[in-house]
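Student: In case you want the letters, here they are:
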Amino acid sequence: MKTDTIAAIATALSDSGIGIVRISGPEAIETADKIFVTKAGRHPLASYETHTIHYGFIADGEDIVDEVMIAVMKAPRSYTMEDTVEINCHGGVLLMQKILELVLKNGARMAEPGEFTKRAFLNGRIDLSRAEAVMDVIHSKNEMALKASVKQLKGSVSEAVRSLREEILYEIAFIESALDDPEHISLDGYTESLSIKVKKIRERLEKLIASADNGKMMKEGINTVIVGKPNAGKSSLLNLLAGEEKAIVTDIAGTTRDALEENIRLHGISLNVIDTAGIRSTEDVVEKIGVERARKYAGEADLLIYVVDASVPLDENDASIMELLKEKKSVILLNKSDLKAVVSEEDLYKQAGLSQDETKLRFIRTSTRENLGIDEFEETVKEMFFHGELQSNDEVMITNLRHKEALEDALNSILMVERSLQDNMPEDFYSIDLMSAYTSLGFIIGEEVGDDLVNEIFSKFCMGK
Amino acid sequence: MEKEKQGDGYRMERNMSQIKEKADVCVIGAGHAGCEAALACARMGLDTVIFTVSVDSIALMPCNPNIGGSSKGHLVREVDALGGEMGKNIDKTFIQSKMLNVSKGPAVHSLRAQADKSEYTKRMRQVLENQENLTIKQAEVCELLAEEIPGEKDADGNPLKRITGVKTFTGTVYEAKAVVLCTGTYLRARCLCGESITYTGPNGLQAANHLTESLEKLGIEMQRFKTGTPARMDKRSIDFSKMEEQFGDEKVVPFSFSTNPEDVQIDQVSCWLTYTNEKTHEIIKANLDRSPIYAGIIEGTGPRYCPSIEDKVVKFSDKPRHQVFLEPEGLYTNEMYVGGMSSSLPEDVQLAMYRTVPGLENCKMVRNAYAIEYDCIKAKQLYPSLEFKNIEGLFSGGQFNGSSGYEEAAAQGLIAGINAARKIQGKEPVVLDRSQAYIGVLIDDLVTKDNREPYRMMTSRAEYRLLLRQDNADLRLRKIGYEVGLISEEEYRHLLEKEKMIREETARLKATPIGASSVTQEFLKEHGSSPLKTGTTLAELMCRPELSYEILAPLDENRKPLPTEVLEQVEIEIKYEGYIIRQQHQVEQYKKMEKKKIPENMDYDDVPSLRLEARQKLKAYRPVSVGQASRISGVSPADVSVLLVYLEHLSYKEGKSKE
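So the protein sequences, as listed, match chains A and B. Take 0 as the starting number for the first sequence in numbering that gives the first Met the number 0 and just add one per residue. Take 0 as the starting number for the second sequence in numbering that gives the first Met the number 0 and just add one per residue.
Take these hints with a grain of salt, some might be off.
Each computed DSS-like pair below joins lysine-lysine, with the alpha-carbon atoms no more than 27 Å apart [what the hints assert, rightly or not]:
#	chain 1	residue 1	chain 2	residue 2
1	A	Lys287	A	Lys339
2	B	Lys166	A	Lys459
3	A	Lys140	B	Lys314
4	B	Lys559	A	Lys146
5	B	Lys509	A	Lys140
6	A	Lys381	A	Lys403
7	B	Lys591	A	Lys459
8	B	Lys618	A	Lys140
9	B	Lys478	B	Lys594
10	A	Lys381	A	Lys218
11	A	Lys140	B	Lys478
12	A	Lys403	A	Lys140
13	B	Lys318	A	Lys459
14	A	Lys104	B	Lys591
15	B	Lys509	B	Lys591
16	B	Lys448	B	Lys314
Example chain A residues on the side facing chain B (calculated, C-beta under 10 Å, incomplete) [what the hints assert, rightly or not]:
#	residue
17	His42
18	Val136
19	Glu426
20	Met462
Coverage of chain A stretches by chain B, computed from C-beta distances (three or more under 8 Å per stretch; other residues unrestricted) [as the list claims (entries may be wrong)]:
#	segment
21	107-114
22	286-298
Please keep in mind that the hints were generated in silico from the structure rather than gathered at the bench. Yeah, the Cβ is synthetic: ideal placement off N, Cα and C, and Gly gets one too.
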């Protein structure tokens, strides 16, 4: 079966010494050739023996990107049984990303999660009796990627993608309804207005791609969520950590109705901190939604910070919050230590129904009003990170690249539309490219096309006899 | 003496009165699907019986008086290319014809003809009556006869059945090797017009009230759909001076590739355009509560692309007016079809509403508008061959499969008929895929998607439509029609000749150099085209939007006269080559997954790592290929990968057990 050429980073994404970018497929060698130079200049990799390794550089045009060792394995003697090139570069997330991007630009496409394993299997490299394990790998890697994609994409970006898609779909639906029912819907004079719209769509896509380049598309850092009852001092904590007034702080319980998000760096560790509405059973509809969201954010958190107002006794709301802490990395802040404390660590263990011997909760006494205990809190987070309890989400870079690839596909389709418009091609030609753009953008927010177009046609345009 | 003789051999006892007949194929229903199915079977040499509740209603057009239209015209062309009858029949009975979308790309050009309804029916009946191997039988089939196949189970673990025949209401049994269901809108049909409900099929014809029960007993899952039709007016009561006249094309293109174009240059009749207005809409809104749909009496799901005027007024309340087309139903009738104003409102409201339309102020209704509800199946129970997955030898086509439209019906009927015949002949079924034909798209959508409304063909549903043009349906499909046995030797030779001419002329144009001489430059300037920098070819010049084969004649010294149908192909293939090649690449990708077949008895519970939703959907739809699986909503690309790995694993296990 003829296949395309895929690429991915094969080593763990950390700032380690060495990283490997792997390319596999019929054009693997050709692709690597375009970016590999030796001291003596360009040297065709195809001329090397299989299973040899070569010293040289990865170059982006004139610019040298990294000093590398490049291994060439010719089909069928490789993991995937396809032509394979492995670029051993200096580790470092940014560098590997740069090299992978160059590879993608020169003919490969980003491998789907688990695709190397899938190819190895389908090409007979992996013992067929291990099919089950292979299916597991594909399944779990895809699930992870899917979750990561949803979790890591910034809300504003997914909004932008969504509205672009909506606009594109409307235009396709208009064209298609006119093609299907030319006696009811006319396309006279449409091309001019479409040209303007398409230009705007292109500019917005280019802007999104630029933001992907700046790494501004994704949420970065450890996903940290502040939870607690209303008026415990959650928003004050966020403001303290951010060093400015981000959240509105009042004495009124339930002031924060929706979640606030802030990127914060603590001793070089990046935290994506989300301040949530206080959790309590409430009848207020808006507050209720906030509470629901808070629970949802808590479920997705890497690190939970539970802010307890230690000056008032615990109640059933605390029990429900303790429930959220289970199986999560967490720190409990006994706040308002400037007031008389009525809550002890024992009380919290008791409230959660936990035994002190079996479970170890992390407590810090703080006063957000007096700025007490915050240093200790920061120190604790730092320690958790360096002991590996918390990990930075560098896979965000992979998701970012995947999204960028989809955005570029969409942009290419839109450029095709513009060219067809310039060439005065009939509408039915470029509506196909508009559809491709719509499909590509759907990958970013995890949405399929399905019956979208038919539904849009019938809901927006009055068709038929 | 006389009495004795009667008792001897002529007396028929009551309990013995059942007639037993034998046939190869029984086709149930003689609408547009049934006619194609029956003709295909008979022409392929099988002894065929076609059942209809009324012989006078063969190939009836109970709704609009036209054949074709956007993307539907494509279907007719494809049916014709495969050896069906619809195209030939309309070529002989049309009274107006138009090529739609001519200002757009060639892929969406589409033919639509107004039919003389009664002539259309009459001519099709003649074809059926004179077809060798075909018997017409007026009877209501009320039972399907089937037997369990010993030892064989369907995918759900139930015994697999085989069709053995049908039984009519009068008790006659027809044994058959295959049965094709084309019951259209007749199953448990009821027609609604406001508060009054009649339990009939379209046009007051007898409904078929017994078959549904038999189908359900066989384990077939049914659903209920709805559609509707507008009123017919007496032509003499219409004031056409208040309407815009709509003419047919000056030069008519025939539907059938076998029709001589000269034979279709006839005198045509006009259609008429008028509009609804605020007053029409007010009357509708004020009486909505009397519509059976808004009153909740109608349970079936109606089509969104063919909304009643009530629906249009409610859903698009911002539109001040809607188009209304008055279309003749034939040459020898005064009835005019009121296109765009189907309704299920009560008769009195209908009349009041129609009379607000300019030109219809004094209209007299010959037939009122009505909605019709009927039983049909969920088509996921069918293979793409249109055979039922759990009953061998049972096929179905048309509105029974949840589609709508004469053309959609004919297309399915033809394929169902071909495959019923091939089943008996012991041959592989003909399955057209999405890259081969609109018919392929139609059937794949029907059997792969969860259709909640009557399905209509639309050009946007065909993702490879630049390749699936109405002008090249013969090039795409005639060979298949010939292999099946429905295209004659002569028609086939004509096709081969055409292919050869296209090939040679295209090659010649690509090889004809054009130098940047002053004559050429002058010529280009004259036609608003930029001058040449270097030499080029005629083909290259044809790619320029402002130039064409015809315009370039003065630069082409060695041009020989060629048939128009050849030039059309040459022009399209050269002019849009870039786009066409891109679609061909996409088709290659698509075909890979279509080729990966999934075994019929696949146990999805045994596939680890499928997501729950995917597993459920795959079990419900039982796709035949990985490609089809990937188009089921709820099956993700990761599930498809898992499936691929599993299938590889399966074939390994099978290979091992053979060793």
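Student: Indicate, hint by hint, whether the structure satisfies it.
Tutor: Okay, the hints, checked on the actual structure:
1. Between A:Lys287 and A:Lys339 the alpha-carbon distance is near 30 Å, which puts this suggested pair outside the 27 Å criterion.
2. Distance restraint check for B:Lys166 and A:Lys459: the Cα-Cα separation of roughly 48 Å exceeds the 27 Å cut-off, and the hinted pair is therefore not satisfied.
3. Distance hint between A:Lys140 and B:Lys314 is unfulfilled; the C-alpha atoms sit about 45 Å from each other, more than 27 Å.
4. Note on B:Lys559 and A:Lys146: the hinted pairing is violated, with a Cα-Cα distance of about 64 Å set against a maximum of 27 Å.
5. With a CA separation close to 50 Å, the supplied pair B:Lys509 and A:Lys140 exceeds the 27 Å bound.
6. Of the pairs offered as hints, the one joining A:Lys381 and A:Lys403 is violated, with about 32 Å between alpha carbons and a cut-off of 27 Å exceeded.
7. The straight-line distance between the Cα atoms of B:Lys591 and A:Lys459 is roughly 36 Å, outside the 27 Å bound, and the hint therefore fails.
8. Pair hint B:Lys618 plus A:Lys140 holds up; C-alpha atoms about 24 Å apart against a cutoff of 27 Å.
9. With a C-alpha separation of about 21 Å, the suggested pairing of B:Lys478 with B:Lys594 holds against the 27 Å cut-off.
10. Taking the CA atoms of A:Lys381 and A:Lys218, the gap is near 20 Å; set against the 27 Å cutoff, the hint holds.
11. Our distance criterion of 27 Å between C-alpha atoms is broken by A:Lys140 and B:Lys478, whose separation comes to about 46 Å.
12. Under the criterion of a C-alpha separation no larger than 27 Å, the hint pairing A:Lys403 with A:Lys140 is consistent with the structure, at around 19 Å.
13. For the suggested pair B:Lys318 and A:Lys459, the alpha carbons sit about 12 Å apart, so the restraint of at most 27 Å is met.
14. The suggested pairing of A:Lys104 with B:Lys591 holds, with an alpha-carbon distance near 26 Å, which does not exceed 27 Å.
15. For the proposed pair B:Lys509 and B:Lys591, the alpha carbon gap of about 31 Å is over 27 Å, so the pair is violated.
16. Straight-line distance between C-alpha atoms of B:Lys448 and B:Lys314 comes to about 26 Å, which keeps the hinted pair within the 27 Å bound.
17. Residue-level restraint check for A:His42 is violated (minimum Cβ-Cβ distance to chain B is 32 Å; threshold 10 Å).
18. Because the closest C-beta pair between A:Val136 and chain B is about 9 Å apart, less than 10 Å, the hint holds.
19. Contact between A:Glu426 and chain B, as hinted, is supported at the beta carbon level, the nearest pair being about 6 Å apart and thus within 10 Å.
20. The criterion of a C-beta within 10 Å of any C-beta in chain B is met by A:Met462, whose closest approach is roughly 5 Å, and the hint holds.
21. Look at the segment 107-114 of chain A against chain B: 4 of its residues bring a Cβ nearer than 8 Å to a Cβ of that chain, three or more, so the hint holds.
22. Proximity of the segment 286-298 of chain A to chain B, defined as three or more residues with a beta carbon under 8 Å from a beta carbon of that chain, is not established by the 0 residues found.
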